[in-house]
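A.B. asks: The lines below spell out each chain.
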Amino acid sequence: MAITTAQSPFRIDPLSGLRIDLQAQALVKINAVLAVVFLLVGGAAGLLVALTRWPAVHLLPADMFYMALTVHGIVALMVWIIFFEIAVIYFVSTALLSCRIATPGWAWTQVWLMVIGAAMTFVAILQGNSSVMMTSYPPLEAAPHFYLGLILFAVGALIGCFVFWGTLVIAKEEKTYEGSLPLIVYGAMVAVCIAVFTIASGAIILIPTFLWSVGLIKSIDPMMYRVIWWAFGHSSQQINVVTHISIWYCIAGLIFGAKPMSEKVSRTAFLLYILFLQFGSVHHLLSDPGLSSVWKVFNTSYMMYMAVLASLIHGLTVPGSIEVAQRRNGYNNGLFEWLRKAPWGNPVFSGMFLSLVGFGFVGGITGVVMSVEQVNMIIHNTIYVPAHFHGTVAGGTTLAFMALTYFLIPVLFQREVIMPGLAKWQPWLFGIGINVFAIVVMGAGTLGVPRRHYDITFAGQALAHEWPGLIYMMMTVGEIGAVLAVVGGALFCYIVVGSILWGKKVPADAKCIVAPPADAGGHKEIGAGGFEAPGTFILAMVLFVTLVLYYFVNFKYLATLWTLA
Amino acid sequence: MSNEPIEQQTVLQRILDDINLIMCLCLVVPTVFYTLWGVMEVATIPLGK
Ligand code: HEM
Ligand SMILES: [Cu+2]
Chain A
1 MAITTAQSPF RIDPLSGLRI DLQAQALVKI NAVLAVVFLL VGGAAGLLVA LTRWPAVHLL
61 PADMFYMALT VHGIVALMVW IIFFEIAVIY FVSTALLSCR IATPGWAWTQ VWLMVIGAAM
121 TFVAILQGNS SVMMTSYPPL EAAPHFYLGL ILFAVGALIG CFVFWGTLVI AKEEKTYEGS
181 LPLIVYGAMV AVCIAVFTIA SGAIILIPTF LWSVGLIKSI DPMMYRVIWW AFGHSSQQIN
241 VVTHISIWYC IAGLIFGAKP MSEKVSRTAF LLYILFLQFG SVHHLLSDPG LSSVWKVFNT
301 SYMMYMAVLA SLIHGLTVPG SIEVAQRRNG YNNGLFEWLR KAPWGNPVFS GMFLSLVGFG
361 FVGGITGVVM SVEQVNMIIH NTIYVPAHFH GTVAGGTTLA FMALTYFLIP VLFQREVIMP
421 GLAKWQPWLF GIGINVFAIV VMGAGTLGVP RRHYDITFAG QALAHEWPGL IYMMMTVGEI
481 GAVLAVVGGA LFCYIVVGSI LWGKKVPADA KCIVAPPADA GGHKEIGAGG FEAPGTFILA
541 MVLFVTLVLY YFVNFKYLAT LWTLA
Chain B
1001 MSNEPIEQQT VLQRILDDIN LIMCLCLVVP TVFYTLWGVM EVATIPLGK
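Line by line, the protein sequences give chains A and B. Take the first sequence: its position 505, counted from the start at 1, is 505 in the numbering used here, and no numbers get skipped. If you want the numbering used here, it's the 1-based position in the second sequence plus 1000.
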């Protein structure tokens, strides 16, 4: 089906109707495959960590535990996620804009730099003297190639951002689209802006730290490191948020023919992210001495709420647009028929919707509440923190990426997904597992169980500590959830690799799988009580009330801890 | 950017469509309020004697 032009060959994909640049296709594929391979590595390390924190199992010895934790943090959070994000930005900027990719040679340089960088850091960790965890706070010192690998990886990612930007410029010059950028590409553009800030911050702090590790700089100030490192560490999470929100919009369009309820409102919400999202970096420093409360409170309690507002807008408009589309398509009865009759067995949809709900209720609510300076004191450095961010980055971002992958396999790899019966359950397994882990372990964290801790009982030490039985039970149930998530994650990797290697080829005359726009000739009178999307409105209210209650519960708990009640 | 005459677009729409402006805002705003302010906070901690 390839139509070869003088400049660059394209093909028209029968399943999606997209006009796909073959060079871009190869680049998206390689980045996505590398991502999945690293997810497998990161997940395996996660399993080892989880089995060690499961009190009755306590698998690894202490040094191996911290090594596995370092591998897990770096490989899962940075390598898997960023490779996949590069795949996403290349995909949306070329396929959704019908455009060729800018400077493919540089894009291949991106691939190589990121592979070499990731491998270098990975080897450094396995050599055993770089178990500094992903934050690598000085005075903890890793081997020089640990930092060098991260720097190369980041340079590669930066090149990927430039390739994306160049593609936007080409698309505009060659007029491959009309009017404003489509919303999904717009979201990717916002993610790339944040990525440039993130990588610049990473460079500012990691280059001196590398020089310190080879002895060229005498010392790195730990406070200064923390402030600048978190401009990198936190902002990189914002790239994830923006990317997975764009994927939500994308999947809502693909499956339901949903259109954003208001393009302008959604875009303005993205602008709020640009202006306010990075302020959240301070939430990692709320318990740090030496930094003023003025700075902390200005950043987290005032500015950051503007970004939270933006998240609420996206959280409302994505399911809202699905509801409107479903109602137009005839599922207009009652409040929730549109949701009940959604294709829950399609992993593209179930993965996306579980990501949305998990990100909102588990990752989102806890993130907002723990960003309050006072409440932060309850949970700082407890296992509550990893519980929170598995709600965002695993239950939210990773699950959304998995969902999109089920679309990319037939469209880009031109293979049918193998084992469709199991693929149907995969997002549920991963989603339920990770949320059980997050919610239960969150309870343990609220009661004081520390994060990044090999043995909370300090067995055999002078300061041995006995915890109440409830704690051991929570850690056990939580880690059972973690194991379930690993099973879901491994199943995902198997399905992806298997589909690519031995999945049936999609025939050239396959039927289009993308839903037509939902408003064409569908039901006109939809909704109830003057609302187009009353079900979504109720869901949003439930989220809001949960947030307020949870906020209150935490302040109440803080008051009892300080016996002020 | 759409083909309609500039004056028909609202200011907000023009800001939203200007991707280079968006990139600049994204780099400048957090650099000032988070990074520079934060670094000043650390730099002005008095040295212990
Ligand atoms: C596959 C299922 C997963 C399991 C079973 C799992 C389990 C765990 C556990 C038990 C910890 C240690 C908490 C502590 O002791 O402080 C942890 C930490 C962490 N996880 Fe996961 N996780 C999973 C998926 C992910 C994913 C998909 C990501 C990122 C995209 C991720 C990112 C992290 C990070 C950044 C840390 C913190 C490491 C550190 O403190 O340095 N995890 N995970
Ligand atoms: Cu953060």
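Because the hints were derived from the structure by calculation, they are not lab data. Owing to the predicted nature of the structure, the values given are computational and were not obtained by experimental measurement. Take the hints with a grain of salt, since some may be wrong.
[Said to hold, decoys possible] If you want the footprint, here are the derived chain B segments under chain A, 3+ residues with CB under 8 Å:
hint	stretch
1	1009-1017
2	1024-1033
3	1036-1042
Ideal Cβ positions, reconstructed from N, Cα and C, are used throughout, including at glycine.
A.B. asks: List in ascending order the numbers of the hints, as given earlier, that are violated by the structure.
C.D. replies: When the structure is compared with the hints, none of them turns out to be violated.
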